[in-house]
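> Okay, here's what each chain looks like letter by letter:
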Amino acid sequence: MLLEIKDLHASIGDKEILKGVNLQINAGEVHAIMGPNGNGKSTLASVIAGNELFTVTKGEVLYKGKNLLEMSIEERACEGVFLGFQYPVEIPGVSIASFMRTAINEQRKYHGQDPMDMLEFAQYMEEKQKVVELTENLAKRSVNEGFSGGEKKKNEIFQMAMLQPSLAFLDETDSGLDIDALRIVAGGVNQLRRKDNAIVVITHYQRLLDYIVPDFVHVLADGRIVKTGPKELALELEEKGYDWLKAEGSL
Amino acid sequence: MSKIESGAFRCDVSDLDTHSLIWLNGRLPDNLTARRPGLPWQVFREADGTLVVRVEEGVHVDKPLQIIVLCKKEIDCKALSSKQDFTLSLRVELERGAQLTVVHCIDSDMETEASVQGAVRLELAPAARLSWLSLQNINNRCRVTNDLQADVAAGAGLHTCFCSLNGGFLQNDQQINLNGVQAEASALGLYLVDGTQKVNNRVKINHNSPEARSRQLFKGILDDSASGRFEGHVLVASGAQKTEAYQTNRNLLLTKKAKFQTKPYLEIYADDVKCSHGATVGQLDEKALFYMRCRGISQATARRLLMYAFAAEVIREIGVAPLEDHLTRLVQRRLHGELAACEDCALHCTATKACANLPW
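Line by line, the protein sequences are chains A and B. Position one of the first sequence corresponds to residue 1 (the working numbering), numbered consecutively onward. Position one of the second sequence corresponds to residue 1 (the working numbering), numbered consecutively onward.
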C-alpha cells in the first residue's frame, strides 16, 4: 500500500478540522475527494504535505510503510509526496528554471545522487514543459509572479511532471480555470498517471472528473470520509447535491 | 574587490577592465599629472587637494574608472598610527554628452582602524550620463561616511548604486539635484550587514525642473544585531510639472535583534506628477518557504534562495556585467555564511612591499 491514513485528527489552533479520516491508496490509483466547502479537504492535503499550521492530535499516516508524520516537509517531498497548491505562491526574483533546478538537485542530493548537469536539465525541462503547454516565455519568469489563475495551475502540473512524485495531492487544481485551461491541466495529469504512482484530486465539481477519471470517489464531510464509491458517485453527487447524503444518514 | 600582491595591486574582478586609480590610506600616487596620453579624461588636483576628473564634451569613456580606496597597514612605510582619518575629496565633471562609469571601491585589510570620509561632487552637463557604483567592504573597525552631491542638467542621467557588504559603520548620504528638463536619476542601494554593523542611507532628490524622473530602490538584509536606517526624501518644486518619482525601500530582518528604521518621504509642490513610495521591514515569506520545501528544497536552501532573489533585484541593475557577476558571487557566498567580514574582497594580504610604486 502506498498511503494508509488511520483515524487522522488534526486541528488549527483549538479548532478540530479532521475528525478521524481513514483512507487507503494503492499505487496506480486515482482518487477524487469531494465534499462541501470548509469540511477539511484542503486540510487533509496540507497535513499530508506537512504544513506546520496544523497539529495532528491523533492517528497515523503510513507512506510506503513509513511514518509520514515524523518526516520534515522537504523529506516528504524528497520521498515522493507532492502537493499541487490551490493557491500557488508567488516567489519574486526566482525563475521557474532556477526553482526547479534547485528542487531537483536537492532531491537528488537527498537520494545520494549528483546534481543534474545544466544541459541535461535544460532538455529535461523543455520536454516536461510540453506536458502542460507551458511556454518558454513563462518558464523564464519568476515563479507564479503575475501569472493568471490558469498559468499558476499549469505551473503546478509542470512541477509535478518535473519531480515525478509517487503520490500527488492536487488541491482544487480546477478552480479558476476556463474550459481550455482545464483541458490542458487535466490532460497533463493524465499523462502523468502511471502504474507506480497515485494521484488524489481534490475538487468541488464533477466537471474535472470528466477529464481525470478516478478509480474511487470519496466524500469528505465534517472532517471524515463519509462515503466512498466508484466514479459514478461523482455524478450522483452532482445531480443530488450533498444534502442527499444527509438524508441517507451518512452526514 | 581587490588585493595587493607582491607590491602590485590586483583587482579581484578579473574580467572587469578598468582604468584604475588607487588611493592608499588617503594618499594619491605622486605621479598624478594633469594629462596623461591615452586617457579619455583630464585629471588634476586643486589647491585644496580635491581631485578633479573631467570628461570632455561628447566623449564616451570606454571602460570604467575604478577608484580604489584602501585602508591598509603599510608594512615598510611609516607605521599607521592606531586610528586613521582620511577625507577623500573628489569632483567628477562631465561635459555635454559625455559618458562615464565610476566604480568606487572601499576596501580595508582586517586590522586597520580607519575612518574614511568621502566628499564627492558630480556635475553632469546636458545629456551627460554617469554611473557611480560604490562598493563598500571593509573591516568592522572601519567607518565610512560618503557625502555625494550631484547636479544633473537637462536630459542628463545619473545612476548611483551603493553596495554595502561589510563595515562597522557605513553612512551614505546623497543629494541629487535634477536641474534641467528631462533630467533622470536612479539611486540604488543594497546592504547586507550582520554582527553589530550599522548602515545608513540618506537620499534627497530635488526635482527642480519639469519632466524629470527619479527612482530610488534600496534593499537590505540585516542579520544578528545589525541595524540601519533609510531616509528617502523626494522634493518636487512647484514648477516641476510632469515629474515622475518613485521610491522603494525593502528590508529583511533575519533575527529579532536586528533593527531597521525607514523614513520614506515625498514633498510635492507641483500638481501634475506621478509619485509613489513604499517601505517594508519584514521577514522572509513563510508561505514561499513552505511552497519551496514542498518541492524538496531544504529550509536552509529555501531561505538562501529567497534572500538572494531579494538582493538580485538591485544587483541586476548595476549595469556593468562583470561587477554584477562578482557581486552575485559575493552575495551568494555571504548568504552561505562562507564570507566572513572582508574575507574575499579586502586585502588580507601578506605582501611586504604594498605601498611602494603602486601603479595607476
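Careful, some of the hints might be misleading.
As the list claims (entries may be wrong) - The calculated lysine to any residue pairs, modelled on SDA-like cross-linking and capped at a C-alpha distance of 25 Å, are:
id, chain 1, residue 1, chain 2, residue 2
1, A, K109, A, L62
2, B, K274, B, S298
3, A, K64, A, E232
4, A, K66, A, P92
5, B, K287, A, E239
6, B, K63, B, P40
7, A, K109, B, K256
8, B, K256, A, E52
9, B, K287, A, F54
10, B, K287, A, K6
11, B, K287, A, G93
12, B, K287, A, H9
13, A, K140, B, K274
14, A, K140, B, R304
Simulated from the structure, these hints should not be mistaken for laboratory data. Owing to the predicted nature of the structure, the values given are computational and were not obtained by experimental measurement.
> Can you list which hints this structure breaks, lowest number first?
2, 3, 4, 5, 7, 10, 13
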